[in-house]
Amino acid sequence: GAGVSQSPSNKVTEKGKDVELRCDPISGHTALYWYRQSLGQGLEFLIYFQGNSAPDKSGLPSDRFSAERTGGSVSTLTIQRTQQEDSAVYLCASSLVALGTGTNSPLHFGNGTRLTVT
Amino acid sequence: AQSVAQPEDQVNVAEGNPLTVKCTYSVSGNPYLFWYVQYPNRGLQFLLKYITGDNLVKGSYGFEAEFNKSQTSFHLKKPSALVSDSALYFCAVRDYVFGNEKLTFGTGTRLTIIP
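Protein chains in written order, with our numbering: chain A, 40 to 157; chain B, 9 to 123.
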């Protein structure tokens with residue numbers, strides 16, 4: 040497809056269970072971001088991947104959260120032992136990055152995964 | 009550190025009137041500034057950006073934004089509002105520091121255009 044694809048679109052899970060959220064970025068985009076959107080909280084940065092560089096994990100709220108990006112393409116965000124406060128929409132975005140110089144490229148967002156922890 | 013503030017949670021404007029959605033920012037260096045829009049049940053879409061040059065930036069759907077360095081602001085504007093402009097608008101900033109690719113978003117402003 041032409042855009043960023045996220046799956047599942049909706050996920051309901053019980054407290055304490057693990058969940059995996061998937062993001063398929065736009066082909067050729069080397070930068071990939073995860074954000075979390077909670078009601079009234081705006082967009083909260085979680086993690087950033089750029090090519091083969093070490094990811095910027097500074098936004099992950101706890102060690103229950105982890106993410107990986109395999110082969111520089113698809114990314115998976117994993118939340119272990121989910122809590123009710125993890126309920127939110129998890130957004131993935133990708134952008135085309137000029138290597139070594141930073142970028143002004145806009146982010147292209149997926150439609151998100153709405154996670155509900157009961 | 010970089011941050012952005014959108015002081016208004018909600019803005020209501022009559023159709024046909026000019027609209028302004030406010031944004032102020034804080035960076036240690038030079039800012040890269042962006043506006044994104046989120047329509048109901050749809051993902052965020054890029055509207056416009058300021059990198060350098062002319063302080064007045066034009067974007068999609070007739071929107072424009074004015075960069076004001078002295079006031080550290082980047083307000084979004086449109087001369088004549090349409091009902092279809094009703095959506096959630098986010099301002100975002102990135103501090104121009106080499107290696108900093110993090111984009112920080114505001115909390116969003118819900119714009120409602122009244123017919």
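Honestly, the hints are just simulated from the structure, not real lab data.
Note that the Cβ used here is the ideal one computed from N, Cα and C, for glycine as well.
Careful: at least some of the hints might be erroneous.
To spell it out: a stretch of chain B is covered by chain A in this simulated footprint if at least three of its residues, at any positions, have a beta carbon under 8 Å from a beta carbon of chain A; those stretches are [said to hold, decoys possible]:
#1 52-60
#2 109-116
If we take Cβ atoms under 8 Å as the criterion, some of the chain A residues that face chain B in the derived model are [to be verified]:
#3 78
#4 81
#5 104
Calculated pairs, EDC-like style, for lysine to aspartate or glutamate (alpha carbon to alpha carbon, straight line, at most 20 Å) [to be verified]:
#6 50(A) with 95(A)
#7 110(B) with 124(A)
#8 56(A) with 124(A)
#9 110(B) with 95(A)
#10 110(B) with 59(A)
#11 96(A) with 16(B)
#12 96(A) with 59(A)
#13 96(A) with 107(A)
#14 96(A) with 72(B)
#15 30(B) with 16(B)
#16 30(B) with 72(B)
#17 50(A) with 63(A)
#18 85(B) with 72(B)
#19 77(B) with 103(B)
#20 96(A) with 83(A)
Can you confirm whether the C-alpha distance between residue 85(B) and residue 72(B) stays at or below 20 Å? Holds, at roughly 5 Å.
Holds or violated: residue 56(A) with residue 124(A), Cα cutoff 20 Å? holds (13 Å)
Residue count check for the stretch 52-60 of chain B against chain A: does it reach three with CB-CB under 8 Å? holds (count 5)
Given the proposed pairing of residue 77(B) with residue 103(B), does the C-alpha separation stay at or below 20 Å? holds (14 Å)
Measure nothing beyond the straight line between the CA atoms of residue 96(A) and residue 83(A); if it is 20 Å or shorter, mark the hint as holding. holds (12 Å)
Hint check, residue 78(A) versus chain B [nearest Cβ-Cβ separation less than 8 Å]: violated (10 Å)
Straight-line alpha-carbon gap residue 96(A) to residue 107(A), limit 20 Å: holds (11 Å)
So if I understand the rule, the pair passes when the alpha-carbon distance is 20 Å or less; does residue 30(B) with residue 72(B) pass? holds (12 Å)
Sort out whether residue 95(A) lies within 20 Å of residue 110(B), counting only the CA atoms. Judged against 20 Å, a Cα distance of about 9 Å means the pair holds.
Are the Cα atoms of residue 96(A) and residue 59(A) separated by 20 Å or less? The hint holds at about 17 Å.
Are the Cα positions of residue 96(A) and residue 72(B) separated by 20 Å at most? Cα-Cα ~33 Å, so violated.
Between residue 110(B) and residue 124(A), does the CA-CA distance stay at or below 20 Å? violated (24 Å)
In this structure, the hints that do not hold are numbers 3, 5, 6, 7, 10, 11, 14, in rising order.
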